[in-house]
Amino acid sequence: MELNWLRTFIAASQTRNFRKASEQLYISQPSVSVHIKQLEKELGVALFERSNKKVALTEAGRYFVGEAKEMVRVHEDGLKKMRSFMQGYTAALKIAISPLIADTILPAVLKRFMNEYPYVEVDVKIIESSDIERAVMNEEVDIGLSCLPSLHKEVGSEKLYSDRVMLVAPHDGRDFESALPLDEEEVLHHARILTHNHPGYWEELCEILKHFYPNSKMMKVSQIHITKRFIAEGLGVSFLPSSTVRRELLEGRLMEIPVRSFELPEANAYSLWKYPHETQQQFLQFLSRFHY
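Going left to right, the sequence shown walks through residues 117 to 408 as the numbering used here numbers them.
If you're looking for bench data, these hints aren't it; they were derived computationally from the structure.
A hint or two may mislead.
[To be verified] DEER-style ranges, computed between Cβ atoms: (1) TYR233 / TYR179: 39 to 45 Å; (2) LYS136 / ALA176: 36 to 42 Å; (3) GLU186 / TYR142: 20 to 26 Å; (4) ALA208 / VAL150: 25 to 31 Å; (5) ARG189 / GLY368: 50 to 56 Å; (6) GLU256 / TYR179: 34 to 40 Å; (7) GLU270 / ARG166: 20 to 26 Å; (8) GLU270 / MET198: 28 to 34 Å; (9) VAL161 / GLN398: 46 to 52 Å; (10) ARG280 / MET335: 21 to 27 Å; (11) GLU255 / GLY350: 19 to 25 Å.
All C-beta atoms, glycine included, are put in the ideal place defined by N, C-alpha and C.
From just these sequences and the hints, can you work out the full model?
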């Protein structure tokens, strides 16, 4: 049974049209017909019912679609594993990471991990925190690094670190040493508050802000990197994890406003997993060595 026959059958089953299947596979339409006939002869069953320009799967054809896809997947996985072996990799680790974590602590940590464990082939997927638990649950990845803990009983989670949240405003050009600091009440009464750029703490924080500053104006901005640009342009202020604004504070583009009216939340990061294995545990132990 040729792999090309299987790929042709899968394409034809999806398009229900031999011409469209040929265009999708960049082969001639007669080649599609030949592949299907050869596959049907090998299996001893008809896979399609043919009528005019359209084709429909038979009952046997509908059953065989899943089998064909699995055979192609096993073949491609085998090739991928062999290529990895030839490149010197003897272990693999698939990680789902939230954009926020990927943009802050991960690059430096991942670089050192790959230097220390050169035999581990690392595959990184950037996924929103709200979707990471599902990716772990469905075994699409080995481990997730998320801003949210797991709520599913089959997915374990552990807090990696906590990040201090601070009120951030645009730098007003004043001298830090001689000028009086900006006042929290003045800022929150007059500036628009940019919210919901982090999945972990905004629901609770919005309720607190409504209690202490009921007349404050809020605007949802879903991404932290956009929030920082908006703040720098004077569109508002926000409460952001300290690790996400470290560079902007050092460069004087943004400034921290002390908050004394209420206790600020923390921004947490979590590791998520379904089945523990050696490479995963090595990575988690490596992460635990860092102080964030």
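Hint by hint, here is what the structure shows:
1. TYR233 / TYR179: 39 to 45 Å: holds (43 Å)
2. LYS136 / ALA176: 36 to 42 Å: violated (22 Å)
3. GLU186 / TYR142: 20 to 26 Å: holds (24 Å)
4. ALA208 / VAL150: 25 to 31 Å: violated (38 Å)
5. ARG189 / GLY368: 50 to 56 Å: holds (53 Å)
6. GLU256 / TYR179: 34 to 40 Å: Distance hint for GLU256, TYR179 is violated at roughly 26 Å.
7. GLU270 / ARG166: 20 to 26 Å: At roughly 46 Å between Cβ atoms, ARG166 and GLU270 fall outside 20 to 26 Å, so the hint is violated.
8. GLU270 / MET198: 28 to 34 Å: holds (32 Å)
9. VAL161 / GLN398: 46 to 52 Å: The hint (46 to 52 Å, Cβ to Cβ) holds, given that VAL161 and GLN398 are roughly 48 Å apart.
10. ARG280 / MET335: 21 to 27 Å: The hinted range 21 to 27 Å holds for ARG280 and MET335, with Cβ atoms some 23 Å apart.
11. GLU255 / GLY350: 19 to 25 Å: violated (46 Å)
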